[in-house]
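A.B. asks: Listed here are the chains, written in short residue letters.
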Amino acid sequence: MGIAVEGARKRFGDFQALDDVSIDVPDGSLTALLGPSGSGKSTLLRAIAGLEDLDAGQVVINGQDATATPAQKREVGFVFQHYAAFKHMTVFGNVAFGLKIRKWDKAKTSARVHELLRLVQLDGLAERYPDQLSGGQRQRMALARALAVEPQVLLLDEPFGALDAKVRKDLRTWLRRLHEEMHVTTIFVTHDQEEAMDVAEQLVVMNEGRVEQSGTADDLYEHPANEFVMSFVGEVNRLGEHFVRPHDMEVVLEADERTEEALVQRIVALGFEIRVELLLGDGTEVWAQLTRAELQRLELREGQIAYLRPVQAKSFNGSSPPQTPGASTPQGSVGEGEAERSAAV
Amino acid sequence: MTPAAPAKWGLRGLAFGYLGLLLLAPVGMIFYKTFEHGLGPPVEAMTSPDALHAIQLTLLMVAVAVPLNTIFGVGCALLLVRHRWWGNGVIDGIINLPFAISPIVVGLSLYLLYGDNGWFGPTLSEWGFQVLFSWPGMVLASIFVSLPFVVRETVPVLHEIGTEQEQAASTLGANGWQTFWRITLPAIRWGVAYGVVLTTARVLGEFGAVTIVSGSISGETETMPLFVAKAFEQFNEEAAYAGAIVLALLALTTLLLMSVGGRKAKASGAPIPSVAEVPAPISTMKEGS
Numbered sequence: 023m024g025i026a027v028e029g030a031r032k033r034f035g036d037f038q039a040l041d042d043v044s045i046d047v048p049d050g051s052l053t054a055l056l057g058p059s060g061s062g063k064s065t066l067l068r069a070i071a072g073l074e075d076l077d078a079g080q081v082v083i084n085g086q087d088a089t090a091t092p093a094q095k096r097e098v099g100f101v102f103q104h105y106a107a108f109k110h111m112t113v114f115g116n117v118a119f120g121l122k123i124r125k126w127d128k129a130k131t132s133a134r135v136h137e138l139l140r141l142v143q144l145d146g147l148a149e150r151y152p153d154q155l156s157g158g159q160r161q162r163m164a165l166a167r168a169l170a171v172e173p174q175v176l177l178l179d180e181p182f183g184a185l186d187a188k189v190r191k192d193l194r195t196w197l198r199r200l201h202e203e204m205h206v207t208t209i210f211v212t213h214d215q216e217e218a219m220d221v222a223e224q225l226v227v228m229n230e231g232r233v234e235q236s237g238t239a240d241d242l243y244e245h246p247a248n249e250f251v252m253s254f255v256g257e258v259n260r261l262g263e264h265f266v267r268p269h270d271m272e273v274v275l276e277a278d279e280r281t282e283e284a285l286v287q288r289i290v291a292l293g294f295e296i297r298v299e300l301l302l303g304d305g306t307e308v309w310a311q312l313t314r315a316e317l318q319r320l321e322l323r324e325g326q327i328a329y330l331r332p333v334q335a336k337s338f339n340g341s342s343p344p345q346t347p348g349a350s351t352p353q354g355s356v357g358e359g360e361a362e363r364s365a366a367v
Numbered sequence: 289m290t291p292a293a294p295a296k297w298g299l300r301g302l303a304f305g306y307l308g309l310l311l312l313a314p315v316g317m318i319f320y321k322t323f324e325h326g327l328g329p330p331v332e333a334m335t336s337p338d339a340l341h342a343i344q345l346t347l348l349m350v351a352v353a354v355p356l357n358t359i360f361g362v363g364c365a366l367l368l369v370r371h372r373w374w375g376n377g378v379i380d381g382i383i384n385l386p387f388a389i390s391p392i393v394v395g396l397s398l399y400l401l402y403g404d405n406g407w408f409g410p411t412l413s414e415w416g417f418q419v420l421f422s423w424p425g426m427v428l429a430s431i432f433v434s435l436p437f438v439v440r441e442t443v444p445v446l447h448e449i450g451t452e453q454e455q456a457a458s459t460l461g462a463n464g465w466q467t468f469w470r471i472t473l474p475a476i477r478w479g480v481a482y483g484v485v486l487t488t489a490r491v492l493g494e495f496g497a498v499t500i501v502s503g504s505i506s507g508e509t510e511t512m513p514l515f516v517a518k519a520f521e522q523f524n525e526e527a528a529y530a531g532a533i534v535l536a537l538l539a540l541t542t543l544l545l546m547s548v549g550g551r552k553a554k555a556s557g558a559p560i561p562s563v564a565e566v567p568a569p570i571s572t573m574k575e576g577s
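First to last, the sequence lines map onto chains A and B. Under the working numbering, the first residue of the first sequence is numbered 23, with each subsequent residue one higher. Under the working numbering, the first residue of the second sequence is numbered 289, with each subsequent residue one higher.
The set of hints was computed from the structure by calculation and includes no laboratory data. Note that beta-carbon positions come from the ideal geometry of N, C-alpha and C, so glycine has one too. Hints are not guaranteed to be accurate.
Partial list, computed: chain B residues near chain A (C-beta under 7 Å) [unchecked claim]: (1) THR451; (2) GLN455; (3) THR459; (4) LEU460; (5) ALA462; (6) THR472; (7) PRO474.
Label pairs and their calculated CB-CB ranges [stated by the list, open to error]: (8) ASP46/A - GLY450/B: 30 to 38 Å; (9) THR91/A - ILE389/B: 29 to 37 Å; (10) GLY450/B - GLY303/A: 47 to 55 Å; (11) TRP374/B - ARG31/A: 23 to 31 Å; (12) ASP41/A - THR451/B: 23 to 31 Å; (13) GLY146/A - GLY377/B: 25 to 33 Å; (14) ASP145/A - GLY450/B: 53 to 61 Å.
A short list of chain B residues far from chain A (calculated; beta carbon distances all over 10 Å) [as the list claims (entries may be wrong)]: (15) GLY298; (16) ARG370; (17) GLN418.
Build the full structure now, drawing on both the sequences and the hints.
C.D. replies: Written out as C-alpha cells, the structure is:
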C-alpha cells in the first residue's frame with residue numbers, strides 16, 4: 023500500500039530529469055522529496071500524479087499499477103506552487119470543482135465544501151474570488167480543493183515556495199497537524215532542508231535525477247550516505263577529506279595535538295546562536311556554531327588567533343558526487359545558511 | 289517623473305485635436321448630414337426593399353462568418369499554443385495572410401477559383417451550386433478577410449493563463465472536454481470576445497472582396513457597404529448617409545453587447561482585465577474597406 027515508484031526514467035531533450043528512481047512511500051505517511059532545483063523531485067511528483075509520462079518505470083498507488091492511468095483517473099490531490107487557482111470561480115466554486123465533475127448533488131456538495139473551508143480556516147470567504155485572497159489563503163484554498171474529492175494520495179509541489187517566511191512557517195505547522203487528522207498518504211516537494219525536516223516523517227534526498235538517500239531526518243543527519251547528503255541536509259565544513267558540522271567545531275584558546283590554528287574573521291550574533299567565521303592556515307574558510315555563553319567564556323574577538331578542534335568528523339572515501347553545494351566552498355554554505363536562517367526566524 | 293502641467297495639457301490637447309480632426313469630425317458629419325432634415329428621410333431610405341435586403345444580407349454574412357471564424361480561431365489558437373510541432377510556424381504564417389493581402393486581391397483570387405474558367409467553378413456549377421454572384425461566395429470572402437482576428441486575440445491570452453489550471457482540473461477528475469468548457473474557455477473569454485467584436489466589425493464593413501465576388505446586384509447580392517457605395521455613386525446622398533449610419537449602429541451594438549456582458553461579469557465579481565490587457569476594438573467604426 024502507499025505509493026511505490028520503480029525504476030522511473032524521464033528525459034527532456036538532453037536533460038535526464040529522472041535516472042532510474044525508485045521510492046517507497048508507506049501508507050498514511052508524510053514524506054518530503056528534498057533536493058536542489060533540477061534534481062528531478064518535481065518531475066517525480068508530477069509523474070506520480072500522471073501529469074508527466076515516464077520514459078520507463080512504474081508508478082504503483084495503493085497496490086494498483088497506475089503507470090498508464092491518466093491524471094484524471096488517478097484520484098490524487100495535487101497542490102501547485104503557484105496555486106493554480108481557477109481565477110474565474112469563487113473560493114466555493116474552486117473547492118466544489120471536483121465534486122461537480124463527479125456530479126454530486128447541490129446540498130451534499132455545499133455541505134462538503136463548507137466542511138473543508140472550515141478545515142482550512144477559510145470559512146466566510148466562500149464568495150470571494152482568488153484575486154481577493156492573500157497567498158497563504160490561496161494555497162489553503164488549493165489544498166481544500168485537492169482534499170474535497172477525498173484523494174488516495176496528496177501531492178504538494180513546493181507548496182510554500184511562493185509565500186513569505188512567516189506565512190510559510192505557519193502553514194507548515196498547520197500542514198503537519200492536518201496530516202495528523204487526515205492520515206492521507208502525502209508527498210511534498212521542497213528544496214528547503216529545514217522545512218523538510220520540520221514537516222516530514224520521511225525524507226527522500228534527490229540529486230541530478232537520482233535518489234541519494236532516504237530515511238528519517240535523524241538518519242540523514244547522523245548517518246549521511248555520502249558527501250552530497252551530508253552537505254545538503256544540515257550545514258557542513260570541509261577540512262581536507264573530513265566533513266564537520268559547525269556545531270561539532272570546538273573553539274579553544276590553547277593549542278594541542280588535535281587542534282588547528284585559525285584566525286577569527288567575523289563573529290555574527292544570530293540570537294541564541296553565534297556564528298564564528300574562521301580562516302585556517304591553508305586558506306580554507308570554515309565556521310563554528312557556538313552558544314552565547316560559550317562566546318562569553320572564550321571572550322573571542324574578531325582578528326584574534328584561536329584553535330579549532332573537530333569533535334566529530336566524517337569522511338566518505340571512494341567516489342565523490344560531482345555536485346556538492348556548500349561543501350567545497352564553505353563561504354557559499356555560510357551565505358545560504360544565513361539566508362535560510364534569517365528567513366526562518 | 290510626471291511631466292509639468294503645461295506639457296501634460298499640451299499632450300492631452302494634441303490627442304483630442306488629432307482624434308477629433310481625423311475620426312470624430314468625419315463620423316460626426318455623417319450623423320449631421322443624415323438627420324439634417326429630421327428622422328423621416330433616413331428612415332424612409334432604409335425601409336426601401338433594396339435597403340432592407342442589404343441589411344438582411346449583411347446580417348447573414350455576420351451570422352455565418354463570425355461563428356465559423358470563432359470556432360476555427362479558438363481551435364487554431366489551442367493548436368498553436370498547446371501542441372507544439374514544426375507545422376505551427378507554417379500555420380502561424382498562413383493565418384496572417386488576410387492581413388497582408390488587399391481585400392480586392394482576395395476577391396480576385398476567389399473569382400479565379402470559382403469563376404467559369406476557375407478550378408472549382410465549372411464542377412460546382414455542374415452540380416448546380418452557384419458560388420460567384422451569390423451569397424456563398426460573399427460568405428467565403430467575408431471569412432477570408434476576417435479570419436485572423438479571433439486567433440490573434442486568443443493566442444496571447446492562452447499563453448498568459450498557462451497550463452497549470454488545466455492540469456489542476458485534470459487531477460480533480462475533469463476530462464479534456466470538461467476542462468475546456470469549465471476552465472480554458474472562461475479563462476480566455478475576454479480574448480475570444482474581443483476577437484469576435486473585431487471579426488464582426490470586419491465582416492460588417494467588408495467592401496473590396498465582396499464587391500468582386502458578388503457582382504453587386506441590387507436587391508440580390510448587395511450588402512450594406514455595397515448599397516452605400518452605389519447610393520453615393522448615384523447621387524442618392526440621403527440613402528448613402530443613412531446606410532452608413534446603419535452600419536455604424538450595427539457595429540456599436542456589437543460593442544455594447546460586449547460591454548454589457550463585461551459589466552455583468554464585473555457585478556458578479558469576476559475579475560475583468562485591466563485596460564492595458566484589452567486591445568481596443570479600433571476598426572468597429574470602419575464602414576468600408
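A.B. asks: Take the hints in turn and mark each one as holding or not.
C.D. replies: Outcome of the hint check:
1. THR451: 9 Å, violated
2. GLN455: Interface hint status for GLN455/B: holds (5 Å vs cutoff 7 Å).
3. THR459: With a closest approach of 4 Å, the THR459/B hint holds.
4. LEU460: 4 Å, holds
5. ALA462: Since chain A brings a Cβ to about 5 Å from ALA462/B, closer than 7 Å, the hint holds.
6. THR472: Result: violated, 11 Å to nearest chain A Cβ.
7. PRO474: 4 Å, holds
8. ASP46/A - GLY450/B: 30 to 38 Å: At 33 Å between Cβs, range holds.
9. THR91/A - ILE389/B: 29 to 37 Å: For ILE389/B against THR91/A, whose Cβ atoms are near 49 Å apart, the range 29 to 37 Å is violated.
10. GLY450/B - GLY303/A: 47 to 55 Å: Because 54 Å falls inside the window, the suggested range holds.
11. TRP374/B - ARG31/A: 23 to 31 Å: 26 Å, holds
12. ASP41/A - THR451/B: 23 to 31 Å: Between ASP41/A and THR451/B, where Cβ atoms are some 25 Å apart, the hint holds.
13. GLY146/A - GLY377/B: 25 to 33 Å: 51 Å, violated
14. ASP145/A - GLY450/B: 53 to 61 Å: Violated: the Cβ-Cβ distance is about 30 Å, outside 53 to 61 Å.
15. GLY298: 37 Å, holds
16. ARG370: Fine: 14 Å to the nearest Cβ keeps ARG370/B off the interface.
17. GLN418: Given a closest Cβ separation of 46 Å, the condition holds.
Hint compliance for this structure: hints 1, 6, 9, 13, 14 are not met, and every other hint is.
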